[in-house]
Every structure is written in structure tokens, then in C-alpha cells.
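Engineer: Chain order of the listed sequences is A and B. Residue numbers are given in the numbering used here: position 234 of the first sequence equals residue 234, and the series is strictly consecutive. Residue numbers are given in the numbering used here: position 36 of the second sequence equals residue 36, and the series is strictly consecutive.
Since the hints were derived computationally from the structure, they do not count as laboratory data. Even for Gly, the Cβ is constructed at its ideal location relative to N, Cα and C. Worth double-checking, as some hints may not be accurate.
[Unchecked claim] Over the 12 Å line for every Cβ pair with chain A, so calculated as not near, a few chain B residues: (1) 26; (2) 46; (3) 89; (4) 158; (5) 159; (6) 171; (7) 234.
[Said to hold, decoys possible] Looking from chain A toward chain B, a few residues come up when the C-beta cut is under 10 Å (computed): (8) 55; (9) 82; (10) 136.
So you can see what is in the structure, the chains are spelled out below.
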Amino acid sequence: MPILEVQNLSKSYRQLRGESTHAIGNITCQVEAGEFVSFVGPSGCGKTTLLMSIAGLIEPTSGQVIVKGRAVKGPPPDLVLVFQEYNKSLFAWRTILGNVRFGLEARGVRSSRSESRTRDLIELVGLKGFEKHYPWELSGGMQQRVAIARALAYEPEVLLMDEPFGSLDALTRLDLEDTLLRVWAELKTTILFITHDIEEAIYLSDRIWVLSGRPSQIIQELSIDFPRPRNQVETRAEARFMILRNEIYRQIGHAS
Amino acid sequence: MNGVKQFNWIGWLVLAALLCLWEYGARSSPKLQYYFPPVSQILYALGQLIISGRIAAHLLATISRFLEGYMLAALLAVSMGVFLGYFRFAYSLLETLIEFLRPMPSVAIVPVAVLALGIGDAMIVAVTIYASVWPMLVNTIDGVRRIEPILIDTARTFGLGRWAILWRVVLPGASPYIVTGLRISLSIALILVTTAEMIAGSRGLGFFILDQERSFNSRNMYAGIIVVAALGYALNRLFLALENKTLRWQRGMVAGGSV
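The shape of chain A in the complex, shown without the other chains:
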């Protein structure tokens, strides 16, 4: 049984002037436990709307999302969403330690174990030594690391990520991609990732769904079978990597 199912999901918005926007066409897909899958699509194709619907933060116009066999009505307990805007999603009044601990508190874990667990996660995302800092004292890349550690502290079975590295510079982005893969390999969480960066999607994922422009539909599904652990230099240098990249690029180009 898939851990996450999206069935005939569609979403329309009514805008201020009364016209309605059809953001998501009709999306059906399934994610197996432990997979790393990505949606890749052009900017403004409704990717965020899709992820917010899956996270139970907005209600779809039709269709449904099923997590572990149960239909989503409101945020499901086994799933956490990491937002692109790390600077807006961290709790400014909590230290790094406090932010990460929030994930455990939300789970209801309050014990001596939670303290060591928090520190382990901070170390896992590479922020050892910054426990007592406040979010504003860290760079963007480090802030997003905090957001990831906080989400992991919640021990979600599915981690949703909405272009988490979209507003970071190129080098920081590569660095965080590898951190994410390392964490994923260690914790075996299922990750559903959204990006408009085709190469990022290929580098990270087991499977990719290519989305069209509004109203977004899945126009292709691709399996990515590069061996793991992957490497920023070697994996990206493979001939098949370029072929995949060009294929997806053409798909998106045709669709919009």
C-alpha cells in the first residue's frame, strides 16, 4: 500500500475580481514509503498549491489525498511541510535549540531524551555550535537547515518540501542537497519534494513527475536510477543526466 496517494486532485481559486483561477488540473499519483520523489514544473504552475493541499493546509476543490490509508481533512499527523521561506517559518523568539525542540514538543515528547535527540539532529544538519543562536544570527542556508532539523524532530513519515532551496545561492544549494540526501539515507523518511530546478530534481529523486503550466497536470513520470550515494560531480557528469535534463526541459517547454 502506498504511504501517500493523490486522487484526482484539482483546485480552483476565486480571485478578488471574481475570475477564478484553475491552479491544479487533475492530479493522481502515489508515493511509496521511503521514496524520494519530486514534482518539477515551471514557476507559477500551482506547485505550492498542490503541496499545501497534500499537507491539508488548503482544501482541494475536488479529489482527495490519502495518507496511510486515511483521507486528509486538515493537517495529517504523519506529515510535515517545509516551506521555501525559511526566514518566515522559524520561530524568531526561540533559539536554534528551541526551534528544533519544537518538533519534538509538537509530537508530545518531553523527556531527557528529547534534549539529546535535539542535539543529534542539529549535528546531523551541520549546525553544531549554533544551538544558542537566534535565527536572525544565521545565514539563509543555515536557517533552512534549522527548518529541516525541526521538521525531522517531529519524526514525520512523509516530509513535504516546497522549493526549500529555491532562494539560496548556488553553492549553498548544492551543499544542502547533499545534507538532505544524507539525512534521508539515515532516517529513511519519505520525501516529496517540489522544485523548478530540473537538475536538482534529477540529482535528488528516485522518481520525478513533470508538471505542465496552469492548470497543472502530470505530463510525464520518470524513474531516476543513478546509484546512491550520489555525487555532485560524478552523478551530474553522467551522460544520462544530461539526456534526462534535456528531456524534461523539452517537456516543460512544450507544455507552457
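Dock chain B against the given chain A, drawing on the hints supplied.
Structural biologist: Relative to chain A, chain B alone:
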């Protein structure tokens, strides 16, 4: 900005110079002395009032009324403000009323309070509550509304319910605004306590100041004014110390911005 504030020698020298001028002026003109008794005599009177314990009862009465009024107002305003800021519909019901009452000078409510509550502690406390509620209420509403929606969504995705979000995200997120409201209301509450004590009451610093003026004892009157001023100063310092401790996370954010 560096954290430790330097002692302002020049500021204190200016104050001392003005007091010397006052002393000199008062001693050189008996007519002036009637309105402005020499500083030394005021300080002497103050010392007498302190030693005899006469001022202590008035000071305590003022402090207890102030605390009662201010604390109740804070409780009322912050809980109402969080509610009104969070639930837009509730705010739209009360918005016009709030905008109408808020700019009204609060002392105008004193006659109403006297009519309803007579001249006693209840009236003074009620007036203090009324006056100090507004800055706290308006700032709390503002702070709650400025909370980043993504922060709320973050809390929701972590499975927090509405009340948990209010308590653990909205309240701390709005706390810099709430504290601003609390600080503004601090001086307003003290103003209203003393004013109300002048109008009605048989104890309290406001009553004492006015009573001494009416008994032509201007030295004691000034001594009373000094005590009120010292009280205001002490409350403000105490508040700043607490603020520094609780809002430490915010200080650098405002000064330095993000990296």
C-alpha cells in the same frame, strides 16, 4: 549599539545646576519663595515625611491601586487583543467602538466612574483600567495581525490546534507589540491613578499633593511630587529591566537585521 549604558554625567550636572538656580532664586525673593520654596527645604520636608512614615501610607495606597488597575487592564487587554486580532469578524464588530473610545481623553470618564462607583478605591481602579486598556489593546491587535501567515501554517503542519497556536505562536510572536503597549500604558496608568486620587480619595499621593497645596504647605506638596516622580521613574526602570530579559531575542534582530 553597545549594551551597557554610560552614566550621563552632563545630564545630571544640568539637573543639579537647575536645582541650584532654583535654590538661589527662592532665597533671593520672598515672593517667589511662596510658590517655589528652596530645594533644600523641600528635601528637608521630604525627609521628615519619610522618617515620620506619613508619606508611606499614601505611597502604598497609590502603588496598590496602580498595580491592581494596571494588572487587570493588562490581563483584559491582552486576552481581548489576541482574540480580536485573531478573529477578524469579532474585530469588525467592535472596530468602530474602539476607534471612537480610544482617542477620547480618559479623564473624561472620571465623572461617569464617580457616578457609578462613588468615591473610593473601586472608582480609582476602574478609571485606571479604562485608561490603560487602550494602548495595550490596540498594540496587541496590531501584533497579532502582523504575525506571518507562514508561521501559522508551520504550526498547523506540526499538528498544533487553534488554541495551541494562539498560546505558542501567536502570543510570543506578538509579544514585542504587546510589550510596547504595556510600556505606554505604564505611565498612563500612573497619571490616571494620581488624577483620580486628586478628584476623589482620602489617601494616595495624588490626594496628598492636592491636600498639601490646599493647606498652603507647598514644601510638602513638592515633596509629594518628588515621590510620584520617583515612583514613575522606578516603575519604568523595572519595566525596562524585565523587557530586556524577556525580549532578548528581539533586540539584535531590530538593531542588526539578518545576515
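Engineer: Please go over all the hints and tell whether each is borne out by the structure.
Structural biologist: Do the hints match the structure? See the list:
no. : hint : verdict
1   : 26   : holds (52 Å)
2   : 46   : holds (43 Å)
3   : 89   : holds (19 Å)
4   : 158  : violated (4 Å)
5   : 159  : violated (5 Å)
6   : 171  : violated (10 Å)
7   : 234  : holds (28 Å)
8   : 55   : holds (5 Å)
9   : 82   : holds (9 Å)
10  : 136  : holds (4 Å)
Hint violations for this structure: numbers 4, 5 and 6, all remaining hints satisfied.
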